[in-house]
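Residue numbers (our numbering), protein chains in the order written: chain A, 133 to 406; chain B, 133 to 406; chain C, 741 to 1053; chain D, 741 to 1053.
Keep in mind the hints are simulated off the structure, nothing from the lab. Hints are supplied without guarantee of correctness; some may be wrong.
To be verified - Sample of chain C residues at the chain D side, in silico, Cβ under 7 Å:
no.: 1; residue: Leu789
no.: 2; residue: Ala790
no.: 3; residue: Ile845
no.: 4; residue: Val849
no.: 5; residue: Val910
no.: 6; residue: Ala914
no.: 7; residue: Phe934
no.: 8; residue: Ile977
no.: 9; residue: Ser1035
no.: 10; residue: Gly1039
Stated by the list, open to error - Distance ranges between label pairs, derived from CB positions:
no.: 11; chain 1: B; residue 1: Ala143; chain 2: D; residue 2: Arg1017; range: 52 to 58 Å
no.: 12; chain 1: D; residue 1: Asn1016; chain 2: C; residue 2: Gly1039; range: 47 to 53 Å
no.: 13; chain 1: B; residue 1: His225; chain 2: A; residue 2: Asp195; range: 56 to 62 Å
Note that the Cβ used here is the ideal one computed from N, Cα and C, for glycine as well.
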Amino acid sequence: MPVDVEAAVLANTRLSDDYSVLALAAPAIASAARPGQFVMLKTSRGMDPLLRRPFSIFEVLRDEGGAPTGITVFNKRIGKGTSLLYDVEPGTHLQCLGPLGRPFDAADPPAHAWMVAGGVGLAPFVTLAEALLARGTQATLFYGARRAEDLHRVEIFEQLGVRVFCATEDGSRGAHGRVTVPLQQELAQLGPSSDVRISVCGPTPMMRAVANLASTHGRPCEVSLEQVMGCGLGGCYSCVVLARDETGAPHHTRSCIEGPVFDATRIIWDALAH
Amino acid sequence: MPVDVEAAVLANTRLSDDYSVLALAAPAIASAARPGQFVMLKTSRGMDPLLRRPFSIFEVLRDEGGAPTGITVFNKRIGKGTSLLYDVEPGTHLQCLGPLGRPFDAADPPAHAWMVAGGVGLAPFVTLAEALLARGTQATLFYGARRAEDLHRVEIFEQLGVRVFCATEDGSRGAHGRVTVPLQQELAQLGPSSDVRISVCGPTPMMRAVANLASTHGRPCEVSLEQVMGCGLGGCYSCVVLARDETGAPHHTRSCIEGPVFDATRIIWDALAH
Amino acid sequence: MLDLSVTLGTLTIPNPLIAASGCFGYGVEYADAVDLSTLGGVAVKGLFLAEREGHAPPRIVETPAGMLNAIGLQGIGVHRFIREKLPELRERRAIVFVNICGTTIDEYVELARILSDAEGVHALELNISCPNIKAGGITFGCSLTGTHSVVSAVRNVTTLPVIPKLTPNVTDVASFARASEEAGADAISLVNTFLAMAIDVETRRPKLTNIVGGLSGPAIRPIAVRMVYECRQAVKIPIIGMGGIAHADDVLEFMIAGADAVQVGTANFVDPFIWNRLLEGLRDYMTRHKMLRLSEITGTLDTTARHTAWISS
Amino acid sequence: MLDLSVTLGTLTIPNPLIAASGCFGYGVEYADAVDLSTLGGVAVKGLFLAEREGHAPPRIVETPAGMLNAIGLQGIGVHRFIREKLPELRERRAIVFVNICGTTIDEYVELARILSDAEGVHALELNISCPNIKAGGITFGCSLTGTHSVVSAVRNVTTLPVIPKLTPNVTDVASFARASEEAGADAISLVNTFLAMAIDVETRRPKLTNIVGGLSGPAIRPIAVRMVYECRQAVKIPIIGMGGIAHADDVLEFMIAGADAVQVGTANFVDPFIWNRLLEGLRDYMTRHKMLRLSEITGTLDTTARHTAWISS
Ligand SMILES: Cc1cc2nc3c(=O)[nH]c(=O)nc-3n(C[C@H](O)[C@H](O)[C@H](O)COP(=O)(O)OP(=O)(O)OC[C@H]3O[C@@H](n4cnc5c(N)ncnc54)[C@H](O)[C@@H]3O)c2cc1C
Ligand SMILES: Cc1cc2nc3c(=O)[nH]c(=O)nc-3n(C[C@H](O)[C@H](O)[C@H](O)COP(=O)(O)OP(=O)(O)OC[C@H]3O[C@@H](n4cnc5c(N)ncnc54)[C@H](O)[C@@H]3O)c2cc1C
Ligand SMILES: Cc1cc2nc3c(=O)[nH]c(=O)nc-3n(C[C@H](O)[C@H](O)[C@H](O)COP(=O)(O)O)c2cc1C
Ligand SMILES: Cc1cc2nc3c(=O)[nH]c(=O)nc-3n(C[C@H](O)[C@H](O)[C@H](O)COP(=O)(O)O)c2cc1C
Ligand code: FES
Ligand code: FES
């Protein structure tokens, strides 16, 4: 059951002109959070802007004893609300509702888990990586961005023992090109016996490309979609994606409660706004 | 000609749970300001609240050389905008438009100037006191509030050499009762020859009472009225008070450009919302 | 003991706060977060006879102090609703207002018949005001005869309270209130959303796939309050007021203007736990004003002149 | 060189930004702060033949992202306007839209006659949409025949551009646009304010002495844009759009929806120096989109489906 807390901003670390990591005091949400879930954040006190904004739970903060104390949000400024969050100072309080949404299901050994992130799509994978390693499942991160400077927090994954492949469109770090370049190489080298589960989050075209790669190589793939969300609780029907049901029939499906994580084969990509 | 500046908040000194003095960097406004004029302040960046708020120019800030560098605002929290200003932290920038409105006309010697303030109505009198003393005009302040704790910044006037009479409704400081108590006493003791000009700012009933006292004692009286103001520049006709023209005929008169300071005899008090 | 209950014809609800249709799913989505039995009622998402997929996204756009929506009445249809949702709503002891939509009068009648036989339905809210679908709904809501026909047709086939929901997109909403009353409505609810649109100036495309959508939220509250006030002068039947309610003062504003109960929609998106906040605010107001029964405040707007007009305006 | 000029029938203005009536006094109040000749025009406060004192205060109330006003058309009357204000407006080279109001058709005609003979009046905006006065104005604006009669009567006595200003408080604003066009209007302007109200719940009194007032500001923009879009489909004559414009993107939104020019009202209260900000924003947009003539953008909303509908909505 989600809770709504007035979370104190503990820190707001600017990583670049457009990225910041916001630390929020929210024990109840932190302890209930599961990999890939999100929160609905009110980015201002008043009515400007009116609606909350959905954000993946980036990290779970813990005290010395390991007890969950809060969460962080990996914020990319793209408009009014994210700019307000980028500017927020410690001490401010923000209404934070969560945890919300259908989580990733963390694979168990002997399966290998491959995470594919594009830009801000890195956000849901720290919690997934931790869950995987807790299970002893080998984890790999494919992380793509425009330039090396846009690749943030890679160290978190390295410290967790995740195998990391980077890709930049200008070749300034890792493979030259899209994140699908190293992914494709690794997929090609896989033996038939190996059991690899793919999870992806990023721009829609990138998720679509990864989903296609996964299916051509016969690998299961989960996607974490980003739809405009009015409520985050299934109340408004704003966040639907066209997804196939068990019978294969397409239905407008609420991504806040049946998602944001979907089996990639359910998604009708042509119906997704780009 | 008024200017609109994005003024940095230099300090915000809380005097009590509901009063604060806000210091703003605004040289252009400070140097143009005349006694009793006001500014229109945007209390937030966005649209909540939408409109600016009118505030008297409380003090003019100067550098060592005496050059005007900014202004202060004597803010009493009574609603959304004034609460935002009470909470504002140094470093924030606020849109500040001014100076606006018809100023007090500071009397010249041998006239004596009596200033009568109720509560937050103290705001326009620091600038008037300075103008009076610059002219060598003797100045007296009658200052009333509920309790001693609600009498703020009296020292400013004392340091300027203004004679100060305080009154509190609970008798905790100065005369016991309304500010009209000491005022009446002093008026009664005046010789017929003495030339005393009264200026008043405060709650409407108090201004009305003072205006009546002034007229019964045959003393000229200026009042500084507080009407809701949409624009502060004469554009919206929201701020009207019913005031007599030269012929004595009552007209709805814009208090932002023909006021906020009016000759008390012009005002039709019964028409003023209380 | 403070009495917050209000009466809508034959139906008495524990407090005036009803979750607005389309803003609370089928109610069950919120059952874990909110004790549904503590609400004045739950107006479920608008239902047709058949299932509907609604419009392609994007379906909402944020606007100044409001939002546009063009969901297109996606829904599971009345039969699945009765099978899959109503039992849980019953179990949670929710007071259920079913918001029904049709493209013909027969559809409304059919829906009313089916729902009258279902256990756990407390009232029918006739959605004749959805601005987002081409056929039906609004075409009745924008015509006095259309409104009268739908309401009386439904009235004839059900004993459930019949509550037409009026659109604000008309010149004289009070005349639609009158038509509803004459046709036998037990109450009216208003307002539905205002037809509106938003454009992405960079792409020069509508921000909604449906091009136009309905404006809701605090932005519309002053217009909605005026409309409730006008309807209060026009009819005797109870009024359920809504449009931008986000605070207890907003609830009181609608009630003073003439509403017997209210609905809360958009604000529930911003704060799903709004209900307790509103109830506390109402109790606080009643205490400060020494009121025992909240319903006393309905229609108590004091319009006597504040002071003798000094000059002709 | 970027060309921001737009044409309203026989009148060409240097840019589409006109100060909205009632939000800019008689223009002269702003003459020291703003170079009036740089504006697309100045629509002066609504004028009757005679002086009017307007309503008793309070006259405005702030609302979410908007405000209510009930000024009651206080004004100095047409004769004093011509004597006391028009000369300075002329001297400042302002393009003057005179907003005229009457309680009878004859009054509108009389006003039109008088102003047609005055030097320095560029257009007549017929205020048939003020929600705040009992007699006249709105009574024409809410009736198709009333609108047609006023417009054609004025049309017959003046060669100045005749621009009826439409009220949004109607079911079908496009039909009023059509009636105006048929009656010979050179352009239409919309929207005037939405009839609304606000209540002080502590005193249970209306916040406005006039009880009701007109809602303006960003809150109403999505509705106003939709109405401009509807009128664009209905008529060929130029449209002056307004309602909540506060940024260059808002100007562009109205123009893309179908407006040839726009007016800015409430936002001028918040920022009296808004005009340069808006002009800069428009120039920046034109540069980024490689446009030479701003007027090209009018009515260019692209409503072609973004992707083939996958399922019937
Ligand atoms: C499940 C989920 C998880 C997300 N996690 C993150 C995250 O960890 N970090 C991060 O930076 N961003 C994340 N996003 C995207 C983030 O919600 C948007 O960037 C944000 O809402 C934009 O708000 P704005 O006011 O800055 O932009 P504006 O363009 O001003 O917003 C206007 C409206 O569009 C909506 N909107 C705009 N872009 C998006 C988008 N990409 N996704 C959803 N709604 C959008 C806003 O919510 C708002 O309602 C996530 C989105 C979803 C759905
Ligand atoms: C010329 C002038 C000088 C002023 N000087 C000062 C000053 O130096 N210090 C100070 O604390 N206050 C001063 N005021 C009063 C101050 O403007 C109001 O207290 C303030 O606008 C309230 O805003 P709010 O959002 O907190 O209250 P809200 O009640 O939320 O405001 C709602 C609306 O009512 C208006 N309003 C409410 N109360 C008043 C009021 N008393 N006067 C005018 N408008 C009001 C607001 O501007 C706003 O438009 C002055 C007013 C005027 C007209
Ligand atoms: C996303 C959304 C969906 C809605 N769906 C319906 C609906 O199905 N049936 C209906 O009668 N009203 C519907 N409405 C209108 C609301 O019930 C309500 O009348 C309107 O939003 C005004 O109230 P508010 O400002 O509190 O949201 C919907 C509103 C929103 C925002
Ligand atoms: C205080 C005020 C006074 C107004 N007076 C008039 C008027 O005299 N005549 C008129 O046609 N419109 C008048 N209007 C309406 C505006 O011209 C404009 O149509 C409306 O405010 C919407 O634009 P906005 O949202 O930019 O303010 C007035 C609006 C306000 C806020
Ligand atoms: S965000 Fe409201 S239903 Fe998904
Ligand atoms: S505040 Fe606008 S005219 Fe005085």
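Sort out which numbered hints this structure fails and list those numbers smallest first. Hints 1, 2, 3, 4, 6, 8, 9, 10, 11, 13 contradicted; others consistent.
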